[in-house]
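Asker: Given next are the chains, with one letter for each unit.
There are 2 protein chains.
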Amino acid sequence: MSSTKVVVVGAGPVGSLAALYAAQRGYEVEIYELRNDLRDPSTVPLNFTKSINLALSVRGITAMQNAEPNTPEGERKLLDHVLAATIPMRGRMIHGRKANGELYEEAQDYDVHGRTIFAVDRGGLNKRLLDVLESMPNVKFFFNHKLTGADFRKRKAWFEHKDGSSESRPRETEIAFDFMIGADGAHSSVRYHMMKFTRLDYEQRYIDAQWCEFQIQPKEHFDAANPMSQFRISPNHLHIWPGKEFMFIAIPSEDGTFTCTLFAPGDKYAHLEANPANVPAFFDKYFPGVTDLISPAELVDSFQQNPHLPLITIKCKPHHFSSSVVLVGDAAHAMVPFYGQGMNAGLEDVQTLFSFLDRHAGGDRAAALDEYTAHRVPDAHSINDLALQNYVEMRASVLSPTYRLRKFLEESLSKYLPSLGWQTKYSRVSFSNERYSEVIARSDYQGKILMRVFGATVGIPLVAGGAMLWFRYRKVIETGVKGAVEWVVNTVGR
Amino acid sequence: MSSTKVVVVGAGPVGSLAALYAAQRGYEVEIYELRNDLRDPSTVPLNFTKSINLALSVRGITAMQNAEPNTPEGERKLLDHVLAATIPMRGRMIHGRKANGELYEEAQDYDVHGRTIFAVDRGGLNKRLLDVLESMPNVKFFFNHKLTGADFRKRKAWFEHKDGSSESRPRETEIAFDFMIGADGAHSSVRYHMMKFTRLDYEQRYIDAQWCEFQIQPKEHFDAANPMSQFRISPNHLHIWPGKEFMFIAIPSEDGTFTCTLFAPGDKYAHLEANPANVPAFFDKYFPGVTDLISPAELVDSFQQNPHLPLITIKCKPHHFSSSVVLVGDAAHAMVPFYGQGMNAGLEDVQTLFSFLDRHAGGDRAAALDEYTAHRVPDAHSINDLALQNYVEMRASVLSPTYRLRKFLEESLSKYLPSLGWQTKYSRVSFSNERYSEVIARSDYQGKILMRVFGATVGIPLVAGGAMLWFRYRKVIETGVKGAVEWVVNTVGR
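Keeping their order, the protein sequence lines are chains A and B.
In short: position in the first sequence from 1, add 121, done, that's our numbering.
In short: position in the second sequence from 1, add 121, done, that's our numbering.
Honestly, the hints are just simulated from the structure, not real lab data.
Being a predicted model, the structure only gives us computed values, none of them experimental.
Mixed in with the good hints, there may be bad ones.
Stated by the list, open to error - With a straight-line cut-off of 25 Å between C-alpha atoms, the simulated PhoX-like cross-links for lysine-lysine are:
no., chain 1, residue 1, chain 2, residue 2
1, B, K261, A, K283
2, A, K389, B, K277
3, A, K283, B, K275
4, B, K267, A, K275
5, A, K436, B, K365
Said to hold, decoys possible - Sample of chain B residues lacking proximity to chain A, with all beta carbon distances greater than 10 Å (derived):
no., residue
6, E149
7, R320
8, S444
Said to hold, decoys possible - Using C-beta positions, here's what the derived DEER-type ranges look like:
no., chain 1, residue 1, chain 2, residue 2, range
9, B, L430, A, N357, 52 to 60 Å
10, A, A395, B, S476, 30 to 38 Å
11, A, D485, B, D388, 17 to 25 Å
12, A, K283, B, H308, 25 to 33 Å
13, A, D485, B, Q336, 34 to 42 Å
14, B, H392, A, N357, 57 to 65 Å
15, A, Q186, B, R292, 47 to 55 Å
16, B, L526, A, H308, 47 to 55 Å
17, B, R292, A, G245, 45 to 53 Å
Each residue gets a CB set at the ideal place from its N, CA and C atoms; glycine is no exception.
Bound-form chain A, shown alone (with noise of 0.2 Å):
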């Protein structure tokens, strides 16, 4: 076992997994957390703010994958149980009313070729991974201890311990360690610490939009036989109902019930509050369905009684100071819930983080540390501004034509076309590892591609006939688009 010392702040999913990617390289690794425990049968449910379900993708899988537990019956002890506790999301479910006044629901799938993303329970998965670390003998956890302060220099920190008795003054201890790894989510007190030892370009922003929490409730009758019957409305589908200013949606438990969010300009949040009572009507205005799944009351119920809070996106750079601190997670890049990549993001960031310091295996920290940040400060920026971008999307764009015909054109080509290497924005996000600031760039690459070769050539034709006409006429379409791609690639240059 290494004699370095490896300290954790946090001990939420990312800061766990760093953890467990730290145990299993030797180090000697203790966690600290400012909460309790939380598999403790007193601990009060993790804070409101946690509660969002989260939707767990292959960038998350992957970093779990590679820091798998070594059983000599080949069972995998993380991944397998965390997946079995997932449901499996095809796509969005786009709700709404006709011109008629008919609802109507629209299933978007997310990705041509099947693959989902997966609803997860936060705390069962933190309490997957922090069981997983119990059994490790290089670990010791530390709850109820708050950083008060660290010298990034001399490599020492100090905590506040509150135990049992809220009465008693916080002890403070004096630690020291090699190596601190902050994983204390948007309000980071390392970050904090790590600004009086860096020059940290540092931002943050509140957008207009606030978010409250609602359920939808499992049937009361249904087929005991098979559990999925107990859900109200399909359980594989993120369910939104774009309300183009303001957004719903619905998230599958596995317990037959959803989590709703709604999420709304702060000016909207103040209108209602000031009469909770227009709750209902609001709902049935934008979010045509949602009181035949939740009743009027309870509908002003939780309005009332969940909290109404911010969401806040935050870049900084760098991520580290020297070799002793580094930032992951959302202390490094915490952002807005819409692409559903926040804890992904975190978790890969472990998975990256690791593969510098195992290049420098035994060497040089903090050139490990400057590799690292000079090679995820970009893809961290990329997933921000992604995840802004796409409350647009989820809220407004999901319903317009232009934006249908590119997804449809797009898939398309990756179903059709394979060779080109075509593949959707979402695809590239959710179901591969490519870095986030190629996604970008491929997908704006892919954009300017489309537009000379469907706008020049064969966009009127499809936009008319639509994709009757791409069946019939598959063959001759596909070889003259193929030809105009490999044209236009040819002369944008890759």
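On the provided structure of chain A, position chain B as indicated by the hints.
Answerer: The following block gives chain B in isolation, referenced to the frame of chain A:
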């Protein structure tokens, strides 16, 4: 005397002026300052990060004028004293070397009407403000007090008091207040604690430039009857050696010295740090003539002994929380020093803040602060942007013919056609109290008109014939220009 307790954090020029405004309105004022009293002879000179000589201009002067203590004799106890210790600077002196190798200097006046800015010693100005405050019965000082926490709902704050003996454990005291003014600089603790109560959009960025101080000594032999004769170069200019990517400047001090600053990108600093013996050659190449004023040995010495410091630019919004706290000066909008407006903007904050508080006197402070933030944030952002842009102007544009032509044209319009209200951007910033945001708007508008008028009608003869033509055919051109400007103004619309 009002029983309202105003706590000012930070006893620099901006905090002291805020305390003075508050004290004159009869509030009970307490000033908490991290450092020792700078008037105490045992105090080590102010932290080196504060030693850039400051340029005092109209905004700072106006703000102090409005806080002038009443004296029966009509003496200006504050301003007369402060101004007596300044040196007027009427323009830039650009230093360079001609193609034939000869050194030259070229004066560029700041203002066609002869108005000047004033070089001032930050410490002297600060001491005078503290002296004035000392004489007021409702003001108490608490030096060596560090803000460690604040609850802006309960209006309580905690300070650590370090007394002389550095070994003793600092004592923590809790105080109550009605209104806190945070004037504690770029790395403001007040702002940090305020962030926990309000949704603060916040951005800090380090620009790729560092700075280091040098000094030009007075002449050894000079005419004692004429103290101005001790300066080795003109005392009434801000001297600039524009090096395109680098810049060296010199600002006069009352004692006959010049405080000089080298601004250069980080990689240039790293390069010179690796081999400081190269500093004089670097100066000879980019800042011709400096080695005649500062010996090569002194240059190397200062470069090695004085710190190499970063430059930060900060924007945030809002500047306040509820009715309990407001940020002024660098705490709200630290800027790069290239417009000489940092302190002036901070002093103007105080005047603007109290104009809003006065409007709501005895009433709703929360409403006053809401209005202050709405009014002041765009101005703070504007001067931040202007300061960044001015770095390019000072180190490069001052040499460009286009820049000089616009300056000449605008100054001519300002001087000969005053009815048009034409002013250069620099004059609007430094010689007026116009809102910074309006300065940008008007300057953009003037630029648009100039482009149209001079590009299309008289630009070519002016460029060709230059100033001679102007003076010879002044009347004709004046009439033509006036007509053209009026026509464009009417076309473009105000």
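Asker: Would you list, in rising numerical order, the hints stated earlier that this structure does not obey?
Answerer: 1, 2, 5, 7
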